[in-house]
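Q: Please arrange chains R, D and F on chain A, whose structure you already have, making use of the hints.
Chains as they are written, first to last, in our numbering: chain A, 42 to 378; chain R, 42 to 378; chain D, 42 to 378; chain F, 42 to 378.
Simulated from the structure, these hints should not be mistaken for lab results. Please read these numbers as outputs of a predicted model, since none were measured by experiment. All C-beta atoms, glycine included, are put in the ideal place defined by N, C-alpha and C. Fair warning: there could be bad hints in the mix.
[What the hints assert, rightly or not] The calculated label-pair distances, taken between Cβ atoms and stated as ranges, are:
#1 R/D125 to A/G84: 22 to 32 Å
#2 A/L369 to F/G128: 52 to 62 Å
#3 D/K49 to F/E186: 23 to 33 Å
#4 F/K49 to D/I105: 57 to 67 Å
#5 F/N121 to R/E256: 53 to 63 Å
#6 R/L369 to A/E184: 49 to 59 Å
#7 R/K116 to D/I105: 45 to 55 Å
#8 F/Y65 to A/E184: 50 to 60 Å
#9 D/K49 to R/F180: 47 to 57 Å
Protein chains: 4
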Amino acid sequence: MIIVLKPKVSDEGVESVISSLKQYNISFDISKGTDTTIIGLVGDTSALNRESVETNPFVERVMIVTEPFKKSNRKFHPQNTVIDVLGKKIGGTKLTIIAGPCSVESEDQICCIAENVKQSGATFLRGGAFKPRTSPYAFQGLEAEGIKLLIKAREKTGLPIVTEIMSTRLIENFEQDVDVIQIGARNMQNFDLLKEVGKTKKPILLKRGLSSTIEEWLMSAEYIMAGGNPNVILCERGIRTFETQTRNTLDISAIPVIKGLSHLPVIVDPSHATGSSKLVEPLAKAAVAAGADGVIIEVHNNPACALCDGPQSITPAVFDDIMKKIALYAKIEGRQI
Amino acid sequence: MIIVLKPKVSDEGVESVISSLKQYNISFDISKGTDTTIIGLVGDTSALNRESVETNPFVERVMIVTEPFKKSNRKFHPQNTVIDVLGKKIGGTKLTIIAGPCSVESEDQICCIAENVKQSGATFLRGGAFKPRTSPYAFQGLEAEGIKLLIKAREKTGLPIVTEIMSTRLIENFEQDVDVIQIGARNMQNFDLLKEVGKTKKPILLKRGLSSTIEEWLMSAEYIMAGGNPNVILCERGIRTFETQTRNTLDISAIPVIKGLSHLPVIVDPSHATGSSKLVEPLAKAAVAAGADGVIIEVHNNPACALCDGPQSITPAVFDDIMKKIALYAKIEGRQI
Amino acid sequence: MIIVLKPKVSDEGVESVISSLKQYNISFDISKGTDTTIIGLVGDTSALNRESVETNPFVERVMIVTEPFKKSNRKFHPQNTVIDVLGKKIGGTKLTIIAGPCSVESEDQICCIAENVKQSGATFLRGGAFKPRTSPYAFQGLEAEGIKLLIKAREKTGLPIVTEIMSTRLIENFEQDVDVIQIGARNMQNFDLLKEVGKTKKPILLKRGLSSTIEEWLMSAEYIMAGGNPNVILCERGIRTFETQTRNTLDISAIPVIKGLSHLPVIVDPSHATGSSKLVEPLAKAAVAAGADGVIIEVHNNPACALCDGPQSITPAVFDDIMKKIALYAKIEGRQI
Amino acid sequence: MIIVLKPKVSDEGVESVISSLKQYNISFDISKGTDTTIIGLVGDTSALNRESVETNPFVERVMIVTEPFKKSNRKFHPQNTVIDVLGKKIGGTKLTIIAGPCSVESEDQICCIAENVKQSGATFLRGGAFKPRTSPYAFQGLEAEGIKLLIKAREKTGLPIVTEIMSTRLIENFEQDVDVIQIGARNMQNFDLLKEVGKTKKPILLKRGLSSTIEEWLMSAEYIMAGGNPNVILCERGIRTFETQTRNTLDISAIPVIKGLSHLPVIVDPSHATGSSKLVEPLAKAAVAAGADGVIIEVHNNPACALCDGPQSITPAVFDDIMKKIALYAKIEGRQI
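So that you can see chain A by itself, here it is in the shape it has in the complex:
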């Protein structure tokens, strides 16, 4: 931590800043410039409150030098995390392909899609049972019934299931029934929910919040990991910007940035990132090229009749086509589908 003092602070001022921090077990390194004095704090500053320091009248600002995330930090855990889900690895050389409809609608629908996407190379089945909808008047998902249908699709295909949790009251059910628990973008900083899933050992697919910085996102992963659950998969799904041609703006740079900062696997959701089925293929390919560990894609047997998110869904035939191309891209990078 570095404390930059206001211009022309006297020696007494410097002394008073330092004495206000005497209770911490740290030492101080004072650097007097022509205009500005800087105090470097040496030692463990984690107990120190940056904001309190900033209220000191002699202090101009406080700069944090070390990253606030620990367990998710690659510096302290250089190897990639690889998560095993029913024998399938997330974060290894094989890409993780998660596919399925926005909402589970019926047994026929989910089982038919599951079989189709499995054939094309998907290794996980996704499908919404509890749906976060902007409007209280919109379809909210089949809820518990949806989970049952997902389980049937898993029985038929062997694909592990990925679905979103919205309530802490359902954690036991999800722990028992679901293979990967998804935390949606709107709940990325629902700290109560993060703490609860941190108490389980289930793999957690943590979507990035619509306007969350990469650092905040890693801090939310940190909440889960600090609770004792190291199995976090990050999912970039587009951020909110001023551009209106796409629903969100896929932050493709986030993939290599996170690969540098953290050891956690990162996958990309090109369907939600853009809201447009035509953009799924180019963005899925770009994600693999940029180093993503996998993709999560909305596939619907009949997008025009989907109960939600039709425009961003693709058909199983289109999905099959995309998988073939992605396999070629993966190969260049020494990976497989």
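A: Same frame as chain A, but now just chains R, D and F:
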């Protein structure tokens, strides 16, 4: 709802779009331009799924003409909502002044601040007991103990208390102990929590999400109101932008925009909007000038020792000063403190 | 300037960073933490290239401690700048009120509006002659003819005229004919234009770019001032965000932030900030409450027939009303219209 | 164009809106809903001013149905534009690879880099002579001398040269000396400059503005094309968002979106998009995967000594490596380097 077809769609194309919507009880108005055909939908289109329509291959885009919020919409409820809390009115001509520390820290602290801010004109006491912190390693609040201390401060001063809820498991406690329940910015789209507070009758202070549009914010109010709780107070607290001089960017325009769209009261939080104590006064005054129904301000007896959010807190003396100025502004607009 | 080294850099690494900077006349203050070593640079670092330092393999990042703006910086020029234009002061206790139509359309129109706004208290007349339009097919302004009409309006009313320059080829004409030269938001970083107006002594109204930070804005003022022209007036006119209810988002905090950082006058444009005539009054009042030195407002005798920007224009009658209210607000702050 | 009237407008209101538009040669299609009446305008509405219509008291809003860009619109020009520069094609199956230093610094430097990048597969040489710098105190480029050095490098290598223009006064020189004229992000809406380069026949590399929408970007291309110059190459270089880990956020979706909307070639600048040399490779690969027609990459023989933008430059050796990988990606898409 208006459906804009792709250029040069044939009559058969137009017919096929219409027949795909035959099951709804609506009529159609077709408008053929030189390039583009437009279908106007007449009747109740609320059951219709915009996104499904957009997947139709003849459709270029679908435009929503009517606003999706109903219960919070001023068109259907022209008078201002006025909410009564222990005899104090929110949304009337008298401004609502909510003040207190970021976190409840001790009985002395909260009671002392409560007495101070009451003297200066505050009508509600705020204080965090359960704190949403970006880092799991940061102070998380005194939790249940904090609520007890708030109750003590209420006993001493008579000020109704406002504090944030983060978990649905605490709703009964909050219903019993707290006068206005706050939903924080990060939980604005925690739909599970919104539904639950919608089942109570408690006034809900709904903070705007960091990157939520005004329409999404009103839709979150709609979740609470659709559940049966009409007592929603909106709180603008700054949105996330590229500017880094302030923690967030106060969207001052949101106040008159919401006053036009909705009948709900709107207050402003200048402390969180900027993260800087020096900006509290000018922004509080601007809020009143722009038509806000009140302000919520962080006040701490010793900001340099606050356990969180020190830099944005002001002292009781500064608060007193600001209140005097705000009273003058209010008077111009025919309001009082 | 502070150089933060990568974790665990050896003494040789530290030495190599320092020796790469030996050619500058600065001294070094080394602060070794448990993990991280920090080098404080003492002396004049202005010749040093931050980006080159960052490419050094031992360097994690470089932090700039001092602000890059000098001539516009309040630290080196504590008193407010007050600019005299034909006897009218900008930046003093009297508010600057600039009013007029988006575009000059005819002699009748501009003279009629000029007389109206003068009567209501405006001290400057604005009107576009050369118009920056997003589309090449839209009305581009009356150009040179527009300037002539503005001059006629000045002759009739005595109001100094404010109008936008878009081309360096017109600088001589503007110097001769115009009283305050406006640089539009889209040209805020047209450095060629900034340099040229910096060679004149004319007051320059520098609008903030749509997505420019406050620091970049001050750096553009710095371009003008470094050229020898100290007469810069800053104009906040809304920034680009995700919100769509308003055309832009007025950054009301920018006013007190700039008042802290700089000695230059700041005015607010509520018309362009929102694109809505209904929002002009509340935002103009908020601007005065937040400490602005004035406002610039679009007024048109017949907004429905304006050749551009109709929806954000107000009529002279509405303008008159707003002026009366603003006068009350100004009085509270010890200012006048 | 569609006019949505306010709720419950009477027949007289509808009639008055229509009669206000009688002077245009258009017909009207009225669609009365239960709440809202909509007027569809049939015919050529290009002369009609949307904003004037919106000031009509009966009008709620006006929706534009057709895209405002014409000459750059793929609907009216379905084939891809391919631009020939000294025998090299931009926009064909062969990728365009533009490489070189941020700034031209010396004859040795530019010629050495040019020979290196040519060897690795670059087909164009870039290098800044006139530099747009945020600070007036920063190095502004070698200016005219820089252009001379670029010409020498072209003589030695045969690579056409790409460099930025900042002033209309230099257009004749650039027309004579430079092969592709770059318009920088900060000048994307410098309409004076756009009009001037529109009068030449030179290929124009038009960078996207920091906060420009895709539509605004195409409208700036339209300015150039409307002037008579069809040779526009679009360059995505990152947009401004709240994220701070990268200098800007590369909008990878913009590539397929533009490929859908327009026939113009699109290239990507991964160096400026991120400001980080480590991110150049993943983003260059992602760009090719997403369908870009090429990339523009900063290469410097000694990034640590570059006079500007060091941290985002890569060495010729790294560039060579990236080219080999990009060639593999291009092959999958049926393209070559």
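Q: Each hint: holds or not?
A: Here's how the hints hold up against the structure:
1. Our hint of 22 to 32 Å for R/D125 and A/G84 is violated, since their Cβ atoms are close to 54 Å apart.
2. Taken as a hint, the range 52 to 62 Å is violated for the pair A/L369 and F/G128, whose Cβ atoms sit roughly 31 Å apart.
3. Judged by the Cβ atoms, the range 23 to 33 Å given for D/K49 and F/E186 is violated: they are separated by roughly 44 Å.
4. The hint said 57 to 67 Å for the Cβ distance between F/K49 and D/I105, and at roughly 58 Å that hint holds.
5. Distance hint check: the CB atoms of F/N121 and R/E256 are about 38 Å apart, inconsistent with the given range 53 to 63 Å.
6. One distance hint, 49 to 59 Å for the beta-carbon pair R/L369 and A/E184, holds here, with the actual separation near 54 Å.
7. Between R/K116 and D/I105 the beta carbons are some 51 Å apart, a value that agrees with the proposed interval 45 to 55 Å.
8. Between F/Y65 and A/E184 the beta carbon distance is about 53 Å. The supplied range of 50 to 60 Å therefore holds.
9. Between D/K49 and R/F180 the beta carbon distance is about 30 Å. The supplied range of 47 to 57 Å is therefore violated.
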